[in-house]
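Participant: Single-letter residue listing:
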Amino acid sequence: MKRILSGGIALVAMLFLVAVAPVYGNVASSASITNAAPAITAITTYSSYTNRTSNTPNSTFGPNTTVFIQVNVSDANEHFDITDNGYVKIKIVLFNGSAESDFTRFGTGYSLNATLESGYDIYTTYTASFNMSSSDATRLGAQPYAGNYRIKVSVSDGTNVTTSNISASQNADYAYSNSTPVATTAGFDGSTTDLSAVDMHNVSNLVVEKSAYGKINFTSAVNFTQNANLSLYVNISDNFISIDSAVLPELDEPAIISFYNLTFSDPIILRDGAVCSSSVCNQISYAGGTLVFSVTGFTDYSAHEAFCGDGSCNGGETCSSCSGDCGHCSGGGGGCLTNWTCTAWSACSGGTQTRSCSKVLSYCYAEGQPEVLRNCSVEQPAISNNTEQPAAPVAAVLFDIDLKIVKNEIFSSETLSAVVSLTNIGRAGEVIVRLNYMIIDSAKGIVYSESERTPVETQLQFIKEFDISRLREGSYKLSAGLSYEGQKEPAQSADVFVVKAVPSPIGIWPVGGFAIFADEKEFVIFTVFAIIVIAYTAIRMRSKKAKMRI
Amino acid sequence: MKSYACIVLVLFFLPVAGFAVAPSIGSVTATDPIALAESSTVTVWCNATITDEDGWTDVTSVNATIWDPAATTEGAADSGGNHYTNASCTLSGGDGTTVNAACAFPVQYYANATEWTCKLIAIDNTSATGTNNITTVTVSALKALSTDSTIAFSELALGATSGENSITVTNTGNTQIDVSVDGYGSSDGDGYAMACSIGGSEIPLSKIKYNLTSGQDFDTAMTSLTDVAVILADFDLVKTTDGTPSTKAIFWKLRMPSSDVGGSCSGKIVVTAV
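Those protein sequence lines, which keep their order, are chains H and G.
Each step along the first sequence adds one to the number in this note's numbering, with nothing skipped, and position 441 is 496.
Each step along the second sequence adds one to the number in this note's numbering, with nothing skipped, and position 253 is 733.
Isolated chain H, as found in the complex:
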């Protein structure tokens, strides 16, 4: 009869004791694994390299560029078989299509050591890079200095295993080319530079012009590193010039812009729809309808008639006609006037956003300090518990904006309030965005503009208030535009409102020679008051008449 105790020892149920000392044996097990040879699964070349998966392969390289090499290796014994004691080495040779020859700059052997980037399971990724020297091409001896090269890779899994293996060498061919990038300038005219006749890597005084609308004159040399379709990505049209600098980053350079045939009397410069700051735009001249100004880089530019509220005292504005731009009139008593400047709004925390505002000239007077505290709300992105589903590719930062005026009919004595909602529908992450507000009258004139910066994580909502005390009766459109770094798509929203005249202090409006009351209550009060006055007057007159009779 046996009993099994928790310790796993069986006791014989008898009267005598059981000695329990050595009741187990340890058996050392051992084995070794036949070493598997490493295998090169891919050799790929890139002109830029971010990480193992985020690159675009390229096999043609120009002079003075960097060739990035990615080598993917597998080893059935586990990636550590290579990474612990093995190596990945690279050899670069000239290759004429049928035969290889040594490339002296890299020696005769596998002299370029690749660096481990990552390893998991049986897979390993190594990287290396080298610069394509402009002199490399001359090794081929003849124009046009182009030729083929071959990357050869050797992989070893080291010697810490039973046997050591070296992979069979594998090749990846790439081409060298110093061919000139091609630029397309169809549709441009005037003094547009003939790019077929210049060194595309060093274009001085590059001019792009449409003689009916305007001209861009780059003030520093432009180095085209790729084919450039200016016809598609440079837009010169009526009162509008833009360059898609995301596609043509080599054109994101300082330039002088000219707008032709403008009809403004005193234009101001807009950048992405907002008044361009003096740190970016500097007006050089405006004469005969031609506006010339300099810019530090490229996005969208246009011009607009100066208006009260554009931040610049121009167009005949004075301290009395536009104190917002020109400052308050000092009344001849000396002193000075200045404007407010504000920091970006803080992140939305506890339902509020704050910022600080200070006077540009601290010792001068400035009218009405802008708001420094406002309510806001944020919405966090939903978190999925399903960690097994691969994340879908997420676009870069991409904002949407929505603007809704709280009260669409408003007296000019009131404050205009609008609910502004910002939503990042692209990749999450805090982004500082710039909001450009404009109020446009029924004649499509900008009567008010303002900019502010605020951080946004995923979604932000707040109430924006506007001082409309200077607006006359009429219909207006409030527009809000959004700009941020890396912006690909425009983001704008607008709503309309009507400004009504302020009621008179006694509650009646003089219209067409008649008096009308704002409401019945006012009418009753006025009537009772009038009866009392009439009665009092009548009593006094009768009292006077009585005294005279006496």
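Since the hints were made in silico from the structure, they are not lab data.
Keep in mind the model is a prediction, meaning the values are calculated, not measured.
Each hint should be verified, as a subset may be incorrect.
[Claimed, not checked] With beta-carbon atoms standing in for the labels, derived distance ranges:
| # | chain 1 | residue 1 | chain 2 | residue 2 | range |
| --- | --- | --- | --- | --- | --- |
| 1 | H | Tyr178 | G | Asp697 | 50 to 58 Å |
| 2 | G | Ser507 | H | Ala83 | 39 to 47 Å |
| 3 | G | Ala709 | H | Glu172 | 41 to 49 Å |
| 4 | G | Ala632 | H | Glu155 | 44 to 52 Å |
| 5 | G | Ala632 | H | Tyr178 | 28 to 36 Å |
| 6 | H | Tyr178 | G | Thr630 | 55 to 63 Å |
| 7 | H | Glu172 | G | Asp697 | 42 to 50 Å |
| 8 | H | Ala83 | G | Asp575 | 53 to 61 Å |
| 9 | G | Asp697 | H | Asn203 | 54 to 62 Å |
[To be verified] Facing chain G, according to a computed beta carbon distance under 7 Å, are these residues of chain H, among others:
| # | residue |
| --- | --- |
| 10 | Val78 |
| 11 | Asn81 |
| 12 | Ser84 |
| 13 | Ser85 |
| 14 | Asn132 |
| 15 | Glu133 |
| 16 | Tyr142 |
| 17 | Asp321 |
| 18 | Ala402 |
Beta carbons: idealized from backbone N, C-alpha and C, even for Gly.
Fit chain G to the supplied structure of chain H, relying on the hints for placement.
Facilitator: Below, chain G alone, put in the same frame as chain H:
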């Protein structure tokens, strides 16, 4: 005259024949309980005090027997499992009519786990004897085993299955045993069968299997090694009765994972007596 001669003869011979007293043995003490030693012997003592009224020097020898009365008899031949004799116990401390006797027995690890009897016999110079015994000397049960210290599967290609290797288990105690088996890689409880030298790779427990019968199929008839000890209730390894090792084999195979392991691997298989 004749009468006087007879009286003289009687008086002369009487002391010689009438005062030769046999030795006697006091109470017997013994090593109790007797705790055996795995695969070895332990010395068991049966001791007593001998008395001889003729003087302790009359005691010429003391011998002793210890045996398992349920398995054999006092007079049977010696057997490591149930019968031991000592023909010459050690005498010491003689004084007057008493002397101490100490009888040693080298008892084997497979001696029956039960109550034994130890009997002493004292003999004097007239061959007169005295005896005494103790019948409650307990031999404790000893569960013990020994195994091979290594099992080597040698070199295998990835995905390959080894040939059959065995571990021999020897019962080194005095009771029938079953065994339990479990295993680990580098440390107990790590959930692997072996740890390998390439980058900390491991062989899962499921890749090592065993069976008590030789020649079994790896996939269909063998049992995977586990992290928790599994009792093989049918192992039934009897104890030896004569010192000849009592053994039984456990048969093992290893299937190398098809990837993610490399180098040389080692682990532990623990076989426990239950």
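Participant: Give a verdict on every hint.
Facilitator: Against the structure, the hints come out as follows:
Between tyrosine 178/H and aspartate 697/G the beta carbons are some 33 Å apart, a value that contradicts the proposed interval 50 to 58 Å. Distance hint for serine 507/G and alanine 83/H: a CB-CB separation of about 52 Å, inconsistent with the stated range 39 to 47 Å. Checked against the given bound of 41 to 49 Å, the beta carbons of alanine 709/G and glutamate 172/H, roughly 44 Å apart, stay inside it. Between alanine 632/G and glutamate 155/H the C-beta distance comes to about 47 Å, which sits within the given range of 44 to 52 Å.
Checked against the given bound of 28 to 36 Å, the beta carbons of alanine 632/G and tyrosine 178/H, roughly 31 Å apart, stay inside it. As the Cβ distance of tyrosine 178/H to threonine 630/G is approximately 35 Å, the hint placing it in 55 to 63 Å is violated. Take glutamate 172/H and aspartate 697/G: their Cβ atoms lie about 44 Å apart, and the range 42 to 50 Å holds. Between alanine 83/H and aspartate 575/G, the C-beta spacing of about 59 Å keeps the proposed range 53 to 61 Å intact.
Between aspartate 697/G and asparagine 203/H the beta carbons are some 57 Å apart, a value that agrees with the proposed interval 54 to 62 Å. Proximity of valine 78/H to chain G holds as hinted, the smallest CB-CB distance being about 4 Å (cut-off 7 Å). Hint status for asparagine 81/H relative to chain G: holds, with the closest Cβ pair at about 6 Å, below 7 Å. At about 5 Å, the closest approach between the beta carbon of serine 84/H and any beta carbon in chain G falls short of 7 Å, and the interface hint on this residue holds.
Interface restraint check: serine 85/H against chain G, minimum CB-CB distance 5 Å, threshold 7 Å, status holds. With 7 Å as the threshold, the beta carbon of asparagine 132/H comes within range of chain G, its nearest partner Cβ sitting at about 3 Å, so the hint holds. Hint status for glutamate 133/H: holds, given a least beta-carbon distance of 5 Å to chain G, under 7 Å. Annotation: tyrosine 142/H was flagged as interfacial toward chain G, and the flag is violated, the nearest CB pair being 15 Å apart, outside 7 Å.
With a cut of 7 Å, the hint placing aspartate 321/H at the interface with chain G is violated, because the nearest CB-to-CB distance is about 74 Å. About 43 Å separates the beta-carbon of alanine 402/H from the nearest beta-carbon of chain G, more than 7 Å, and the hint is not met.
In summary, the structure is inconsistent with hints 1, 2, 6, 16, 17 and 18 from the numbered list given earlier, while agreeing with the others.
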